[in-house]
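S.K.: If you want the building blocks of each chain, they are given just below.
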Amino acid sequence: MKTRRTLKGHGNKVLCMDWCKDKRRIVSSSQDGKVIVWDSFTTNKEHAVTMPCTWVMACAYAPSGCAIACGGLDNKCSVYPLTFDKNENMAAKKKSVAMHTNYLSACSFTNSDMQILTASGDGTCALWDVESGQLLQSFHGHGADVLCLDLAPSETGNTFVSGGCDKKAMVWDMRSGQCVQAFETHESDINSVRYYPSGDAFASGSDDATCRLYDLRADREVAIYSKESIIFGASSVDFSLSGRLLFAGYNDYTINVWDVLKGSRVSILFGHENRVSTLRVSPDGTAFCSGSWDHTLRTKNYLFVSLQVWA
Amino acid sequence: MAAGPASHGGLRRAQRPHLSKMERMVVSMQDPDQGVKMRSQRLLITVIPHAVTGNDIMEWLIHKYCITEEEALHLGTLLVRHGYLYPLRDPCHLELRLDETPYRFQTPYFWMSTLWPAAELDYAIYLAKKNIRKRGGLFDHEKEHYDQLHRKISHTWDLVVMQAREQLWAAKQRRKGDRLVIACQEQTYWLVNRPPPGVPSVLEQGPERNSCTAGRVQMPTGPFQTKTVDFYRREVECLRKALGRARVKSSVCLEAYLKFSSQRGPHDPIMSGCLPSNPWVTDNDTYWAMNAPSAAVPTRLRVEQWAFSFRELLEDPVGRAHFMDFLSKEFSAENLSFWEACEELRHGGQAQVPALVDAVYQQFLAPGAARWVNIDSRTMERTLVGLGRPHRHVLDDAQLHIYMLMKKDSYPRFLKSDLYKDLLAEAVVPPKTKRRSARWCPGRQAFTRRNRPGSGSRLVTRKRLQEIPAGFSTTAPITLVTQTFVSLKPPGLLLPGRLPELSPGGHRCWGGPPACPGWESAHRLGS
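Taken in sequence, the protein lines are chains D and X.
Residue numbers for the first sequence follow my numbering, so the first one is 1 and each next one is one higher.
Residue numbers for the second sequence follow my numbering, so the first one is 312 and each next one is one higher.
Isolated chain X, as found in the complex:
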């Protein structure tokens, strides 16, 4: 090669940690004790040492990382495509074959991290060598590149041809085996760096990213901070606040996730399926029609969801409407209207801000207003002062006050009210539609829902988690998922992967060592 290892000045910043990881993997594969089984491979009359077969590589990967065959094949293929392994026979296609095709590990000289970007001059020399060695030995795309390069660097073409001849002559001095190996290595390198048409390049990256952390913050024009004493003063303030911030114990937070996930589990279509059926699976969009934002009769699950948090009640238009009805009965509907008006202000257009602020004031805050809201005097004072210079956040304090009032007072009463109980009783539970599809096998056991949503115990003890549905753990094309509530399991059964006891530090103490293949599996997509 004419050029030495490429300078990293032109190399994009090391946004390729995957390359060093692949290299570490490849190095450990070549470990004499723990690495892949190497053998000598006979090619015609030459014997090449340190060759491995595709099967050996797969086995090693499966064993070392506890993964399935499919994943091992995928990983092995990626290694070959990035040029870390090359096939000794037919090095035109970088694929991992599971037959007796011998592979060898690429020499570090040709690794992507060492010799990148590939130099045009080197490519020209390579093509020239190929051309000289065998007339007409170039592929179509290579011929095109050759002509292109010839035009581009025609002034140094003599150098190119001279180098090519020298390298060919030097190669002839080597043993046949070495010559073959070096030729394969070089060919693989160029297959990776100049892929033939139709083969995606593994070197493609997105637009260049800049990661320099040394205060290179570009400032758009405008009255924004510059890196002055002020900036650092603010930084110090921010950090001081961070030091003083109250922190919750991790164990408490993790409990919260447990509670949240188990509460929402039955509402998650991917986890628990949905009734009547998942539209994407059965091509039937009844589910969407029944859960439309303006549906007349809401489903049971939907009504139950209003009880989870105040936010979810307000986010659902039907829920909000019913809550408004309830508030009207209690003569406090102006609270919700005020909150809605404040939301409109906060998220509305900038141009409408003064008008909206004024309208809200007239309707809700002015003494003797038609729909006067009850805010405590301190907040009211602050708000009235702020109204002098209206901006979109001027009503934030008042809005929060009213929100909390509704949340702590009206909302719990709503949930206990007859109105809500009637809604629950009248709510629809859609029947499951039977899947009619060519893929249905009559002999296969039907996947049925064990429990209708909403019924059954939702009380989950801390250590028992709803199982991930079967759809994730088999390779069969499962389209309906089973739903198994923990409470239905016989008491003595230990669930797989019971959540381990969390240490107070809450460090990475769940998950444990990599799971065995029986637990996870690859799922090849059908069709």
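The following block holds chain D by itself, in its conformation from the complex:
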């Protein structure tokens, strides 16, 4: 595995990224409020928007590829339709969808462009109707900030998992708003959760430097991915398409690749000069993209920050 593309253009820490369903476009957001849509195959920037807030910690691409959602310290989630008309200002068509009472930590579209699921530092998750901004369902139960969420790839498409600072990972029923299952074995904040491709399990990465696999049918943790030499927290995790490999980005600037079934580490990838903040495998599994807080000082006037695509 090596870096195949380096996307330079953010002037500050990259906090979050998401792939488009067309397998080559990505949206990324950074600390200075910039949200950029790239065609990562050609490394061209296609759209850029500056949010009025800093620390845009959540961004998501709509399934149709026609809109993006992002949010952060402004406590809101805003949806921007993507237009190829050069004269139009993207910020003009912005729609404010979610309203929380604390920062937005994660957002994700459900199966369509019409609904958005958000997680916030106020300890709740919520499901919103994009068109009207109406709250469809809210999910209470976390005792502290919710940091991440992921939708289940199930047949009925009705559940999602969220992880928070209370060390708990909770599985919710989207229809009733109830917590269906809860798992509390981590020793520190859970930074990232991701479902196994079959939807029967999910992995979580936490500040306690371990990643863990929880099975939903067995209702327990079934594997811990840790090593004594790894002491920094895992900030983001994702599975390869077959679920055999787990890619995890850590705060010690490395990416560790774990064999999910054997529980051992397959490889360690160096390539960033600061903590890896976000990592996603592309929808068709051909590559994964990692974003980090690093910057390379070129001249006194500008800094580049990198997103890297590995394959």
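Rather than coming from a laboratory, the hints here were simulated on the basis of the structure.
Check each hint, because a few of them may be wrong.
Straight line, CA to CA, 30 angstroms or less: simulated DSSO-like cross-link-like pairs of lysine-lysine [to be verified]:
hint, chain 1, residue 1, chain 2, residue 2
1, X, K743, D, K21
2, X, K375, D, K2
3, X, K570, D, K2
4, X, K743, D, K2
5, D, K21, D, K8
6, D, K21, X, K718
7, D, K21, X, K570
Per label pair, the in silico range of CB-to-CB distance [to be verified]:
hint, chain 1, residue 1, chain 2, residue 2, range
8, D, K21, X, E411, 54 to 60 angstroms
9, X, V559, D, E228, 27 to 33 angstroms
10, D, G11, X, A680, 54 to 60 angstroms
11, D, T42, X, I443, 55 to 61 angstroms
12, X, G555, D, E88, 53 to 59 angstroms
13, X, R544, D, E88, 48 to 54 angstroms
14, D, K21, X, H404, 44 to 50 angstroms
15, X, K719, D, P52, 48 to 54 angstroms
Some but not every residue of chain D turned toward chain X, in silico, with C-beta under 10 angstroms [unchecked claim]:
hint, residue
16, S105
17, T110
18, E131
19, D200
20, L241
21, A287
In this text, a Cβ means the ideal position worked out from N, Cα and C, and glycines have one as well.
Once you have looked at the hints, place chain X on chain D.
M.R.: What follows is chain X alone, placed relative to chain D:
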């Protein structure tokens, strides 16, 4: 130092478990028996005891944690950057050098967990000392800070200068060796807490997180639960449900993962490569064109994937279209149309819900409807009652019923049908494109695919797993991955890391003790 250990009131909540882990590591490094080899280092005429070299540290890390050199170097560098080790020579750069540069362990007084956040007053005193000791000894950024601080706390500047002088005088009373060491320690501490421009600060954190678990749940305005008896009643109910929930044995679940991963292994581009080639590797996007959602002729792998589960058939637009054709032949296409309409309702906009519900009812559920779907009477009754107050989930029961009907009945027949068999036969298997790139070395052995996808035995016994491709276990810049099916291995060969027998408890019994360096390796990125 003027200030004592910093109070933890201002300290962000202990979201830094890595610091205590680093400290434990550093403490074990200093263990007289098992720790790093310490020696006395001669610096000019002074002899400093308990010094270690970069190489010693690396060796110790490699030995203790079974990691490679590269990882040990990285870990050692992190220890230095966080100020737990400091170089005795040239303490301006916090790096781990592998030459004879001596390093020492930072005193716990200056650890990040003890003395944080760094106080402005202390920094002012430090800079003043430096200034007094050697005129013009301050770096540019330090001069700037000095001036800034002078302006900010000018009212207590006398105190600062007085403290600085006192500390310098006290230092003079010490032995030269101690003086040198203390100066290095202090300098390292300030390098970590006030890094020079261009050096990333290791103290950077994201926005503040709140982890208090004592029922501090902020409530957005609205008709949501408050922490009343009701709330706790619901909690109790939830927990009672959890107690009564049926659980599957872990061993059964693990079997399911095995089966899933081996079934999908050939479809995973990272594991098994993809034909004609991975677009990111060869810069050729034919693979995407061939697998586009609306491709006329689907690839073999894609058609095979429809047989894995009903969900995957429906998720693929081409697959769904073919399934619709099949259903039309069987005169049950209205089932799929109904399911699609329900999906649209569930995921559509809130404003469209009443209209959509009505349309679905007219088309599929009303007696004498044009495309009437066959639902059992109980579900139909429930649905009709719910239609009185339409909401997006009112058709969920009916939708599930029809979904299950298709899944259990139509889907298996589809897979056995001639239509599907023809699709499989006509499906395209793209040829592998040869990689043409400057990085290709003619002498290197070509990595070829041993098997075309779809052929070869996919039957994997429980204890044999597809090997992780070579791309992960060598340091050469491998761009094409080999694919080795288990069935091709000679029968007597034991695969490395055969999955151990799982105990009924399913506890953490796989993986075992940390693997040796031969098994994993660091992969330095090329270019």
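S.K.: List, from low to high, the hint numbers that the structure doesn't satisfy.
M.R.: none
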